[in-house]
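**Student:** So you can see what is in the structure, the chains are spelled out below.
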Amino acid sequence: MYRNLTIRQKQIVWAWAFLAIPVLFYTVIRFYPTGNAILISFQNWNLLGDRTWAGMENYQKLWNDPVFWKVFKNTFIYLLLGTPISLVLSFVIAYHLDKLRFMHGFLRMLYFLPFMTSAVAMAWVWRWFYQDVPIGLFNNILAGFGIPQIAFLQSTTNALPAVLAPAVWAGLGFQVIIFMAGLRAIPTSYYEAAKIDGVGWFTVLTQITIPLLRPTIVFIVVFSSIGFLRIFDHVFNMTTNNPGGPLNATKPLVLMIYDTAFNGFDMGYAAAQTVVLFTILLIVSLIQLRLLRST
Amino acid sequence: MSDIAPSADTLLMAKPAPRSRNMGQILRWLILFIGGIAMIMPIAYMISTSLKWPHEVYNVNLIPEEPTIENYTYVLEDGRFYWWFVNSIIIATVTTICNLLFDSLVGYTLCKFRFPGRTIVFIAILSTLMIPTEMLVIPWYLMSQSFGWLDSYWGIMFPGLMTAFGTFLMKQFFESVPDDFIEAARIDGLNELQIWWTVAMPLVKPALAALAIFVFLGNWTAFLWPLIVTNSVDMYTIPVGLSGFGDEADVAWELIMTGAAISTIPTLVVFLIFQRFIIRGVVMAGLKG
Chain F
1 MYRNLTIRQK QIVWAWAFLA IPVLFYTVIR FYPTGNAILI SFQNWNLLGD RTWAGMENYQ
61 KLWNDPVFWK VFKNTFIYLL LGTPISLVLS FVIAYHLDKL RFMHGFLRML YFLPFMTSAV
121 AMAWVWRWFY QDVPIGLFNN ILAGFGIPQI AFLQSTTNAL PAVLAPAVWA GLGFQVIIFM
181 AGLRAIPTSY YEAAKIDGVG WFTVLTQITI PLLRPTIVFI VVFSSIGFLR IFDHVFNMTT
241 NNPGGPLNAT KPLVLMIYDT AFNGFDMGYA AAQTVVLFTI LLIVSLIQLR LLRST
Chain A
1 MSDIAPSADT LLMAKPAPRS RNMGQILRWL ILFIGGIAMI MPIAYMISTS LKWPHEVYNV
61 NLIPEEPTIE NYTYVLEDGR FYWWFVNSII IATVTTICNL LFDSLVGYTL CKFRFPGRTI
121 VFIAILSTLM IPTEMLVIPW YLMSQSFGWL DSYWGIMFPG LMTAFGTFLM KQFFESVPDD
181 FIEAARIDGL NELQIWWTVA MPLVKPALAA LAIFVFLGNW TAFLWPLIVT NSVDMYTIPV
241 GLSGFGDEAD VAWELIMTGA AISTIPTLVV FLIFQRFIIR GVVMAGLKG
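First to last, the protein sequences are chains F and A.
For the first sequence, the working numbering gives the first residue as 1, with consecutive numbering after it.
For the second sequence, the working numbering gives the first residue as 1, with consecutive numbering after it.
Just chain A, same shape as in the assembly (with noise of 0.2 angstroms):
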C-alpha cells in the first residue's frame, strides 16, 4: 500500500490537543457521542430485554423496572444452549489453534526458506483467497456425506482448519523477523522445526493474536456451513441454535434475547478487557492482510 501505509501503532499514539476548546469542537464531540450511544443501543437493549419480566417486554424502557435472571435460568435449564455453548467454545477453540500452528508454519516456510516450488505454492494458496465459501460448500458437503463427516465436529471444522488470510498475514510477520537469527539458532544446532517453534514465533506473538481474535471470532459467529453440517439439536452451534431456536412457533422474545446475549456477551467481554489490543490487532489483520 504505498509509502502511507497506515501503521497500527501510529493510530493508538495520542495527538497534541488541540489548542482551543471551542464551541465547535464541543458540538463534534456531542453529535458523535450521541452517535456512540445509538450504535450500542441494538446490543442495550438485547441484554436490557433478557433481564426483563414478561409483562415489561414491549415497554420501551431501557432499564428493566425489576431486573431477574430468570430468562437466564429458564434458557440454561433448558438444555440446548448450554451444549451449543460448549460446541461454539470447542470448535472455536481447536480451529484457532489449528490455524495458528499451520498458518505460521506455512508463512514461515514460504518466507524464509528458498526451494523449488516456492512460487508456485505461494500463489496457489493466494489464489484461494478468491473462492468464495458459498462455492465450495455443496462438495464439502458431498465430501462428508461419503466420509460419513456430516453432523461432527470434525465435520463442522475441517473446512476452517487452515486459511490463506492467515498464512498470508504471518508471512507478512515473520519478514520482519532478521534472518541472522535464524542463521545463529542454526549454528547453536537447532533443527529447523526447533528454529521456527522457539526462535521465530516468540517475536511474531502479536500477529498471531490478531490471527486468533480474527479465527475465534469468525468461527464463533459462523453460520452457514454449520447450518448445512449438522442435523441433531445436540451438534448444533450457537448460531445455528440460536437461529432455530427463535424459529420455533411460541418462543417469547424475551428469550430469544436471552439466547442472543448469551452468544454475544462473551465476545463483548473479551472485547472489553482486550479492547486496545484487539483494536490494534484488527487494523494490523486489516492492512497486511
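So here's chain F without its partners, still in its complex pose (with noise of 0.2 angstroms):
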C-alpha cells in the first residue's frame, strides 16, 4: 500500500511515523500534568484520603496565608536583588574583558568555572564560608583583622542576600560569556567612525554599546529573572536544618511549594501555589516577548 502513495503521502506517513513517540510523550508528561495541577488546586486532597472538591478554597486560603506573602516578597527580593546585580556585574567584566588580549582565555576561565559546578555542592561550600569562628572562612577572615562577626545565616536580615551571593556568583560566567558575543558582534565601523569624531569613550557606551546590546540585554534579563524566581537548590541545601529559615526570611515561593506538597501533603494548597508561580513566569515571558518586538 505505502508504494502507492504519493511522494508527498509518503512524508506526512514518515513525518508522523517521527512524531509519534514524542507527542505522546509532549501530551502525557507536559500538557496532561499541566491540565492535572491546574486542576488539584481546586480540590482538596492529602494523598490517601479522597479528593473533594474545594472549588476557590486553596487560593482564599493562598490569600488570607501570612506565610504567603512573606514567601511572594522574598521571591521577588531574589529578583529584584539578583537580575540587576548579576547584569551589572557581569556586563562590567565582560565590557573590560573584551579589551584586553594578555592571557584573555585564562581569565574568561576564570569567570566561567562557577557555571560548571553544581548547585548543591556550591550552596554547601557557602555555607561552610558563612559559619561562625572558629569554622566559617568569611568571620575567621574578619576576626583575622580583628573585626566583629557577623551573623549571616541565622541573621534574618543578612540571609537572604547569603543564599542569594553564590546563585549570583554561579550565574555570572554565564551572562559574561553572553555579554562578550553580544559585544564583539557590534561592527567595529561604528567605533572607528566615533574615534574620527573624537567621542568620548562614555558617549561612546551609552549611545552606541549599550543601545546596540539590547537584544543581549533582553535575553540576559529574562533568562536570569526566570531563574532567581524559581531558586530553591541554593535555598533548600544552605537552610536545611530549617528549610527557608530563620523564620522564612529566606523562603521562596518553590520551597514553600515543596514543603506544602511533601512534607505537609496538602497536594490541593500545593498545586494553588504553582499555579501562582506558572502565573508570574507566564508575565515575565510575556513582557520579554513585547520588549523584544519592539526593538
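In case anyone wonders, no lab produced these hints; they're calculated from the structure.
Misleading hints may appear alongside valid ones.
What the hints assert, rightly or not - Which bits of chain F does chain A cover? Going by a derived footprint, with three or more residues having C-beta under 8 angstroms, they are: (1) 116-124; (2) 169-177; (3) 263-273.
C-beta: ideal position from N, C-alpha, C; glycine also.
Reconstruct the complex from the two isolated chains, following the hints.
**Tutor:** What follows is the structure in C-alpha cells.
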C-alpha cells in the first residue's frame, strides 16, 4: 500500500511516524500534568483520602496566608536584587575583558568556571564559609583583622542576601560569555566612526554599545529573572536544618511548594501555589516578548 | 535577534592587539585578574579543604600543610557516594542520549517536512517552554506513584527524556542543512530515517555536542525532582545524596567538602579539556535556543 502513495503522501506518513512517540511524550508528560495541576488546585487532597472539590478554597487560603505573602515578597526580593546585580557585574566584566588580549582565554575561564559547578555542592561550600568562628572562612578572616563577627545565615536580615550570593556567583560566567558574544557582534565600523569624530568613551558606551546590545540585555534579564524566581537548590541546602529559615526569611515560592506538597501532603494547596508561580513566570515571559518585539 | 545577532565564531576570533600597552590596560588586567581569582576561590577552598587533615580544616590557608587523600578514602569506603556517583552517571548519560535522538528527530521533522499539523505540533512543543518544572512535579509524583515508578531510574529520568529547548535548538540548526542534500539522498534511494541519520545528523554535530553538554550538566546537577522521586539511599543521585549527607548530625565539614568536590570535579575536568568548545556551545545554545 505504501508503494502506491505519492511522494507527498509518503512524506506525511514519515513525518507522523517520527513524531508519534514525541507527541505522546509531550501530551502525557507535559500537557496532561499541566491540566492536572490546575485541576488539583481546585481540590482538597492529602494523598491518602478522597479528592474532594474545593472550588476557590485553596486560593482563598493562599490569599489569607501570611506565610505566602512573606514568601511572595522573598521571591521578588531574590529577583529584584539578583537580576540587576548580576546584570551590572557581568556587563562590567565582559566590557573590560573584551578590551584585553593578554591571557584573555585564561581570564575568561576563571569567570566561567563556577557555571560548571553543581548548585547543591556550592551551596554547602558557601554554607561553610558563612559559619561562625572558628568554623566559617568569612568570619575567620574578619576575626583575623579584628572585625566583629557577622551572623550570616542565622540573621533574618542577612540570610537572604547570603543565600542569593552563591546563586549570583554561579550564574555570572554564563552572562559574561553571552555579553562578550554580543559585544563582538557590534560592527567595529561604529567605533571607528566614533573615534574619527573624537567622541569620548562614555558617550560611545551609552550611545553605541548599550543601545546595540539591547537584544542581549533583554535575553539576559529574562533568563536570569526566571532563574531567580525559581530559586530553590541554594536555599534548601543552605538552610536544611530549618528550610527557608530563620523565620521564613529566605523561603522562596518553590520551597513553599515543596514543603506544602511533600512534607504537609496538602496537594491541593501546593498545586494552587504552583499555578501562582506559573502565572508569575508567564507574565515575566510576556513582558520579554513585548520588549523583544519593540526592538 | 535582528541584524546584530552575535555569533559564536566571532567570539573566538582574535581581535587585533591594541597598539599601546599603557598603564590603563595593565590596571584593567590586574583588576580583572584579581576578580577572576576571587571567582574561583569557593572552588579552590572546596578542593583544598577536602585535602586537609581535620586539625587544619579551620585554618584559612589555601594550601594544605600536609595534603592527604584520607577524606576521599573515607567517603568512598563508606560506599554511598560510590552508588550516588554511578546513579548520576547512568541517569545523565541515558537522558543525554535520549535527548540527542528525540530532540534532533523532532527538530529535523519540523524543519524539513511539510505535513498537515506541522505548525500545531511546533507551537505545542514550543509552548511547553512556558511551563515550569515546579508546576509539574506534583502530577509527576502522583503519576509515578500509581505506575510504581517511584524510587527507580525510570522515575528519575522520564520527565527529561525530551526537551522543547533541545528540539527548538536542533530545528534552528537543521535550517542550515541544504534541502538539495536531502533530495539527492532521496534520489539515491535512501529512506527518510536513513537520510536523517546518515545525511543530516553528521552536518549538525556541533549543535549535538552543545545540546549534549547542556543536557548532561543539567541532569548531573538536577536536584528538585530527584529529591522528590527517590526514597531509598541507594537510588539517590549525587546532589540528593550530598544534601542528605551534609545534613547528618555530626558530619565534619572536610567530609562535606570532599563530597562536594566529588560531585563537582568531573564537570570541571570535562570543562578544562573541552574549554573552547564548551564556551562556543554555550553561546550557540544560549543565543539560538
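**Student:** Under the constraints set out in the numbered hints, which ones does this structure not fulfil?
**Tutor:** Result: no hint breaks.
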